[in-house]
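All chains, please: the whole structure from these sequences, using the hints.
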Amino acid sequence: MSKKDNEKKQVLLRISSSLWKELVAWAEDDFRSLNGQIEYLLTESVKKRKRDKDKS
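In terms of our numbering, the sequence shown opens at residue 1 and continues consecutively.
Keep in mind that the hints were calculated from the coordinates and are not lab data. Where hints are given, some of them may not hold.
As the list claims (entries may be wrong) - Capping the alpha-carbon separation at 25 Å, the derived lysine-lysine pairs in BS3-like fashion look like this:
#1 K55 - K8
#2 K3 - K21
#3 K4 - K50
#4 K8 - K48
#5 K47 - K9
#6 K9 - K55
#7 K9 - K50
#8 K4 - K48
#9 K4 - K47
#10 K50 - K3
#11 K8 - K47
#12 K3 - K55
#13 K50 - K21
These numbers come from a predicted model, not from an experiment.
So, in structure tokens, the structure goes:
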């Protein structure tokens with residue numbers, strides 16, 4: 001990872017209260033903060049997209 005990859009950007013995210021509650025519970029199950037959980041899920045989604053794209 002380059003230094004540029006370690007720079008964090010802020011994003012305003014509006015989600016429903018029911019999704020918020022689900023994500024908080026999931027984060028607690030995985031011993032992550034809500035922010036950490038969202039970042040993890042987005043990172044995994046990008047990795048999956050790249051894998052799927054490479055298969056095509």
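Do the hints match the structure? See the list:
1. K55 - K8: With a Cα-Cα distance of about 30 Å, the restraint between K55 and K8 is violated, given a limit of 25 Å.
2. K3 - K21: 33 Å, violated
3. K4 - K50: 20 Å, holds
4. K8 - K48: Satisfied, since the Cα-Cα distance of roughly 21 Å is no more than 25 Å.
5. K47 - K9: The hint holds at about 19 Å.
6. K9 - K55: With Cα atoms ~30 Å apart, K9 and K55 exceed 25 Å; violated.
7. K9 - K50: 22 Å, holds
8. K4 - K48: Judged against 25 Å, a Cα distance of about 22 Å means the pair holds.
9. K4 - K47: The given pair, whose Cα atoms are some 19 Å apart, holds under the 25 Å limit.
10. K50 - K3: At roughly 22 Å apart (the allowed maximum being 25 Å), K3 and K50 satisfy the hint.
11. K8 - K47: Holds, because 18 Å separates the two Cα atoms, which is no more than 25 Å.
12. K3 - K55: At roughly 30 Å apart (the allowed maximum being 25 Å), K55 and K3 break the hint.
13. K50 - K21: 29 Å, violated
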